[in-house]
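Here the protein sequences line up with chains A and B, keeping their order.
Here our numbering is used: the first residue of the first sequence is 155, the next is one more, and so on.
Here our numbering is used: the first residue of the second sequence is 155, the next is one more, and so on.
Please note: incorrect hints may appear among the correct ones.
One copy or two, either will do: identical chains are not told apart, so a pair holds if it fits within one copy or between any two.
Mimicking BS3-like on lysine-lysine, the simulated pairs with C-alpha atoms at most 27 Å apart in a straight line are [to be verified]:
{"hint": "1", "residue 1": "K495", "residue 2": "K267"}
{"hint": "2", "residue 1": "K289", "residue 2": "K530"}
{"hint": "3", "residue 1": "K437", "residue 2": "K255"}
{"hint": "4", "residue 1": "K495", "residue 2": "K279"}
Keep in mind the hints are simulated off the structure, nothing from the lab.
Protein chains: 2
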Amino acid sequence: MNYDSLPNQYRYKKVEQEISRHIEAGDLVPGDRLPSLRQMSRSLQLSISTVNHAYEELEKRGLIESRPRSGYYVRSEFRPIPTPEINIPRHIEPRTVTKNKLIQTALETVGNKDLLPLGVVCPSKELLPARQLAKIMNSVIRENPYETAGYEMIPGNLDLRRQIAFRSVDCGSNLTADKLLITTGAMEALYISLRTLTRPGDLVLIQSPSYYCFLQLVENLGLRAIEIPSCPERGINPDRVDEITRTFDIRACIFSPNFNNPDGSLTSDARKKEIVEILAARKIPLVEDDVYGEIYFGDTRPRTLKSFDRDGGVLLCSSFSKTIAPGYRIGWLAPGRYLDKALEIKATTNVSCVAPTQMAIARYLRETLYDRHLKKLRTAMKEQMADMRTEIGLSFPEGTRVTNPTGGSVLWVELPEKVDGVDLFFRAREEGIGIVPGVVFSSQDLFSNYIRLSSGSPMTDELRSGLRRLGELAALQGGSATHS
Amino acid sequence: MNYDSLPNQYRYKKVEQEISRHIEAGDLVPGDRLPSLRQMSRSLQLSISTVNHAYEELEKRGLIESRPRSGYYVRSEFRPIPTPEINIPRHIEPRTVTKNKLIQTALETVGNKDLLPLGVVCPSKELLPARQLAKIMNSVIRENPYETAGYEMIPGNLDLRRQIAFRSVDCGSNLTADKLLITTGAMEALYISLRTLTRPGDLVLIQSPSYYCFLQLVENLGLRAIEIPSCPERGINPDRVDEITRTFDIRACIFSPNFNNPDGSLTSDARKKEIVEILAARKIPLVEDDVYGEIYFGDTRPRTLKSFDRDGGVLLCSSFSKTIAPGYRIGWLAPGRYLDKALEIKATTNVSCVAPTQMAIARYLRETLYDRHLKKLRTAMKEQMADMRTEIGLSFPEGTRVTNPTGGSVLWVELPEKVDGVDLFFRAREEGIGIVPGVVFSSQDLFSNYIRLSSGSPMTDELRSGLRRLGELAALQGGSATHS
Chain A
155 MNYDSLPNQY RYKKVEQEIS RHIEAGDLVP GDRLPSLRQM SRSLQLSIST VNHAYEELEK
215 RGLIESRPRS GYYVRSEFRP IPTPEINIPR HIEPRTVTKN KLIQTALETV GNKDLLPLGV
275 VCPSKELLPA RQLAKIMNSV IRENPYETAG YEMIPGNLDL RRQIAFRSVD CGSNLTADKL
335 LITTGAMEAL YISLRTLTRP GDLVLIQSPS YYCFLQLVEN LGLRAIEIPS CPERGINPDR
395 VDEITRTFDI RACIFSPNFN NPDGSLTSDA RKKEIVEILA ARKIPLVEDD VYGEIYFGDT
455 RPRTLKSFDR DGGVLLCSSF SKTIAPGYRI GWLAPGRYLD KALEIKATTN VSCVAPTQMA
515 IARYLRETLY DRHLKKLRTA MKEQMADMRT EIGLSFPEGT RVTNPTGGSV LWVELPEKVD
575 GVDLFFRARE EGIGIVPGVV FSSQDLFSNY IRLSSGSPMT DELRSGLRRL GELAALQGGS
635 ATHS
Chain B
155 MNYDSLPNQY RYKKVEQEIS RHIEAGDLVP GDRLPSLRQM SRSLQLSIST VNHAYEELEK
215 RGLIESRPRS GYYVRSEFRP IPTPEINIPR HIEPRTVTKN KLIQTALETV GNKDLLPLGV
275 VCPSKELLPA RQLAKIMNSV IRENPYETAG YEMIPGNLDL RRQIAFRSVD CGSNLTADKL
335 LITTGAMEAL YISLRTLTRP GDLVLIQSPS YYCFLQLVEN LGLRAIEIPS CPERGINPDR
395 VDEITRTFDI RACIFSPNFN NPDGSLTSDA RKKEIVEILA ARKIPLVEDD VYGEIYFGDT
455 RPRTLKSFDR DGGVLLCSSF SKTIAPGYRI GWLAPGRYLD KALEIKATTN VSCVAPTQMA
515 IARYLRETLY DRHLKKLRTA MKEQMADMRT EIGLSFPEGT RVTNPTGGSV LWVELPEKVD
575 GVDLFFRARE EGIGIVPGVV FSSQDLFSNY IRLSSGSPMT DELRSGLRRL GELAALQGGS
635 ATHS
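Excised from the complex, chain A in its bound form (with noise of 0.2 Å):
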């Protein structure tokens, strides 16, 4: 790490986190010795102060305590967390989705900026360039007072299209401009899709556990589901969908391989490119989502599914909801062979997208501040979720797991099998802390003592509060005190 580019304020920010996640990580265990502040200086080349600050911040956190003449220990309190192994059932049956009242109270928190957001998926506001975009938007608005207020074509601004053509070559799927056709967020690209591909009663393999929004579309769409388990550390696995594409007649498939929401699973570029082929082969269509495929915290940007397709099989679906601005609605859907289908779904949709937010879009892309802005928003989202997770770890009960992803936005939380996510969901909501219940993201009983967090937003007193909030509400209904 280097502390010299950092501005000295946030110094000590640094190494509070960097001990955190050793902490969390298991690195430093309960009840061991920290180094002195002397040798830490010394081997940070930082100041006695800066360190000092920093023991102080986490000591506030309750991670480590000090011990009179003996110096800083991490407190015997803190547990690390394994990540949850979910068990699925084995005899999986195709079901007609129906946790459609939920779903919808659910999401009655969106916008609603009244509640603490760790139920809405979307970075917080400072994370977005919303000051710059504003910039371009009033110049292109100016620039184009006509244009802006008259009819884009129906697959959408042409330059828009070139722009995202252009980024595709990143993750290998080499899009092309005429090949895609611009949506009002990603729902609407998968909204397409599924209109496109299927008719009422037709089954469709999704992920379990999988995205609320894409379960209550299913049931929307009289369509029924089957899920295959999606493990929180290699996602999907091929073997399954060889195994359930042989046995059902399977219309399509609704994948989410990088960073899946809920479980922040990562399908590896060697298992997609097994489950293209494998779909290829029985030509079953496949519907990627990858709206977070650019928030990933290694080094390089996972491939698509899509960046495996011969044969025009996979239709991709993604936004720039998660990483520019969600209000903008801008989302595209590159159909594969299903284009002409695909452009007669949005005509008797809403004929075509917002004209002046897909022209600010474009321009903001074509001016390269794009790349930039990602890198930090990967750095921020990475920060934020091991914040989170050392704050769970601190917070929660006895027995609760989290999982710990390599990108993405959310944490998915196994709590003790006691605790009721439903009953948590509306006392937290009660007491202005928005969470989603477990149960949402499957059409099974599954998952009912799970919860998802979103790590959209940095923290701060107000979100640690909130979390410690949290946990003492789940503990008091698992029967067992909190730590913290």
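Starting from the known structure of chain A, fit chain B onto it as the hints suggest.
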């Protein structure tokens, strides 16, 4: 007519338009002598040179001719055009709608700036308040960089819903903000309504002719349609609605009582009331399209079907696309008793609408700019429609008939029986003229010799030559010479 309010250079234009309207209405018939320049100048209190300018323009357009030493006469080639009386077979069968491909081709002209704007229904850019709106958008963005980038609530921006509710008093709808849902244009409102009310295989009742995007949506949702004739002069006949809803199991009606696209028909308020009562008694929901409701040429705004709704069975769809900015894609849905289901469909289609455009339109409405703009727009649209009817009378082959709507912005043209509208559509497109062939406005084999022309643009020399060329193309097909 008060000419004093007009700048000097436009007075002749006004005289020209008034005379051409008299000719077109049959007040002046071919061979009639026009008042002398001196007489006209005296009676209108305008200079002789102004009147002379007007007469010269009328002569250039081929409407009148000067006979040496005798004065100006209405040219004998001009024929007033009666309104078509559409004959629809009384034996109506439910149909699976199947004109998708042709409609798709027609739709490809949306946003195509290379075509003469006779195809797409939307006011030309000079008639939209684009500069005012751009200013407002700029303030909104500057003052709210974060809010405009963030998610809006699923039902839409509250300010905007309040403004729409407030304005709904005019058309008798009496909406409230909590019963409204903002949509991506009226098309999305219609789509949400049909997804809310129907399942594939269901039967819906529509007007004939009907807007082709409605038919395409009906086809895409796997619905079957029954058509009842829409009379250009009286709109929908409640007796036919009564008859058909007694005979068939109709799941929803889709009606455009105010200036139906394409025939421009207005259903009277008395008939509206009757229709709503018939359907309420049979518990059949009614989807109302009111996008042209504000573009009336008479003294008062026609009421909505919704204004007669007592039990929430009417789903009102509308937008600002025909009056403020189609590119902003702001529409709304008042779904009556189906609100919950409609919100569910909205959330799973694209979560919520674009934030900054909603905020800008809300402010535009709050600043009371809309009423002043609408007044100007109505006047312009009325004049343009009259000018177009005149040109059609001059240029189109013998046997052509055209509607005379009291609002809206389309003309429905019946060509001689031998003319094939689809063939004319393709030939016109080759020459850069965008029109829509009549057959796409019905699921039955009707209107093959009809075309729809948008009257959204002021008459220019370019538009005039386009219309003349269109008349020539029609005459070539019909086997008779044009009159110009």
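Right, here's what the structure says about each hint:
no., hint, result
1, K495 <-> K267, "between (38 Å within a copy, 24 Å between copies)"
2, K289 <-> K530, "within (20 Å within a copy, 32 Å between copies)"
3, K437 <-> K255, "between (34 Å within a copy, 25 Å between copies)"
4, K495 <-> K279, "neither (37 Å within a copy, 31 Å between copies)"
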